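Every letter in the sequence shown is one number past the one before it in this note's numbering, and letter 154, counting from 1, is 154.
Just so you know, the hints here were simulated from the structure itself, not pulled from any lab data. Since the model is a prediction, treat every value here as computed from it, not as a measurement. From the three backbone atoms N, C-alpha and C, an ideal C-beta is built for every residue, glycine too. Be aware that one or more of the hints could be misleading.
[Said to hold, decoys possible] Below, simulated DSS-like cross-link-like pairs (lysine-lysine); rule was C-alpha separation at most 27 Å, straight line:
hint	residue 1	residue 2
1	176	165
2	103	85
3	50	85
4	103	270
5	232	179
6	50	231
7	179	50
8	176	50
9	231	270
10	50	103
11	165	179
[Said to hold, decoys possible] For each label pair, taking beta carbons as the anchor points, the in silico distance ranges come out as:
hint	residue 1	residue 2	range
12	30	50	24 to 34 Å
13	93	252	27 to 37 Å
14	205	103	41 to 51 Å
15	241	281	52 to 62 Å
16	153	182	19 to 29 Å
17	240	142	23 to 33 Å
18	245	89	38 to 48 Å
19	205	179	11 to 21 Å
20	23	181	24 to 34 Å
21	287	151	45 to 55 Å
22	240	69	42 to 52 Å
23	173	235	41 to 51 Å
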Amino acid sequence: MGRPRRIQFPGACYFITLQGNNRADIFVSSQDRREFLALLRSSQERFQLKVYAYCLLSHQAILLIETSQGNLATFMQAFATSYTKHFNSSHSTAGHLFQGRYKALVVDKETLLAEMTRYVHLAPVRAGLRESPWRYQWSSCSDYVQILRRESLVDVEGVLSSFGKNRLTASVRYLKFLKERMRSASDMILPIVRGAAIGHASFLDRIESRQGGPGGSGEGAARLTAMAQAKKIISEVALSHGLEEDRLLGPVRWRDVAQARRQAMHRVWKEARLSVTEIARLFSRTPSAVSQAIRFMETRPS
């Protein structure tokens, strides 16, 4: 089976992760990071990109990028090749630097752009590198919280404009927005909902339709719709536990029902890729309760 096609169209926004092969470091020195950012800056004009956020950890690079020309694959191939050549030349190594194919999820920028920048900027907090993300040198966070405008690699105005009409107000509000999740940064879950896209149901439907949709000729041709798959999972879990489906979806808090419900929520999130909010509606729970159930299932001993 061939690789699934990348979702590409003009104006698409992507959450991208580049990981080191076998989780090895892709940045050994500050010069490596400077070279990576220099390549990203030169790519902006060459490939007509907007960079909304970035964070460079030792073994991983996280990017939030918009492609005005729908040319993600062309950009990433050239970019990854150029950086790999730099790294191998600088450190007398050879071969693949990155682990497999880069991951790129299409983001609903109309509703989730600010939230995704926050997720990127809190990466050093989740990794235990900094308590204050704006103090991490190798991310774009400080560009957002600086009151004075300065030349920047990132398009901060695309996000800050939704926080206030002037830079002072917008930066202060964005800082508050960051702090709201700093203490719970390790609990943050990407709202991956369906396939290779992040967003609300209407956005995901449009992406699926663009790719051919269930039963069509695109990426979604061989899979059930997310909601149909979720209902199938709920039926399977209920049957395996000897429960009625209504028990899982209702208010009952008996221990055996609660355990089965957590399992169902986790499978729906992981396999059907519904968002936490959508799962909460399906199970008549709060998003916080769903997040706790998913974390419990993700962290329990196998």
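Tested hints:
1. Taking the CA atoms of residue 176 and residue 165, the gap is near 16 Å; set against the 27 Å cutoff, the hint holds.
2. Annotation: proposed proximity of residue 103 to residue 85 holds, straight-line Cα distance about 20 Å (limit 27 Å).
3. A hinted pair counts as satisfied when its Cα atoms are at most 27 Å apart, and residue 50 with residue 85 qualifies at roughly 24 Å.
4. Restraint check for residue 103 and residue 270: the C-alpha separation of about 16 Å stays at or below 27 Å, so the hint holds.
5. A C-alpha spacing of about 39 Å is found between residue 232 and residue 179, which places the hinted pair above 27 Å, so the restraint is violated.
6. A hinted pair counts as satisfied when its Cα atoms are at most 27 Å apart, and residue 50 with residue 231 does not qualify at roughly 39 Å.
7. Note on residue 179 and residue 50: the hinted pairing holds, with a Cα-Cα distance of about 25 Å set against a maximum of 27 Å.
8. Annotation: proposed proximity of residue 176 to residue 50 holds, straight-line Cα distance about 24 Å (limit 27 Å).
9. A hinted pair counts as satisfied when its Cα atoms are at most 27 Å apart, and residue 231 with residue 270 qualifies at roughly 14 Å.
10. Between the alpha carbons of residue 50 and residue 103 the distance comes to roughly 18 Å, so the proposed pair stays at or under 27 Å and holds.
11. Taken as a hint, the residue 165 and residue 179 pair is honoured in the structure, with Cα atoms around 21 Å apart against an allowance of 27 Å.
12. In this structure the supplied range 24 to 34 Å holds for residue 30 paired with residue 50, their Cβ-Cβ distance being about 26 Å.
13. Taking 27 to 37 Å as the suggested C-beta distance range, the pair residue 93 and residue 252 does not conform, at roughly 57 Å.
14. Between residue 205 and residue 103 the CB atoms are about 22 Å apart, so this pair departs from the stated range of 41 to 51 Å.
15. Checked against the hint of 52 to 62 Å, the C-beta distance between residue 241 and residue 281 comes to roughly 22 Å, which is inconsistent with it.
16. Distance hint check for residue 153 and residue 182: the Cβ-Cβ separation is about 23 Å, which falls inside the suggested range of 19 to 29 Å.
17. Between residue 240 and residue 142 the Cβ separation comes to about 50 Å, which falls outside the hinted range of 23 to 33 Å.
18. In this structure the supplied range 38 to 48 Å is violated for residue 245 paired with residue 89, their Cβ-Cβ distance being about 59 Å.
19. The hinted range of 11 to 21 Å is not satisfied by residue 205 and residue 179, whose Cβ atoms lie roughly 34 Å apart.
20. A hinted range of 24 to 34 Å for the beta carbons of residue 23 and residue 181 is consistent with their spacing of about 25 Å.
21. In this structure, residue 287 and residue 151 break the distance hint of 45 to 55 Å, their C-beta atoms being roughly 39 Å apart.
22. Judged by the Cβ atoms, the range 42 to 52 Å given for residue 240 and residue 69 holds: they are separated by roughly 48 Å.
23. For residue 173 and residue 235, the hinted distance range of 41 to 51 Å is satisfied, since their beta carbons lie about 45 Å from each other.
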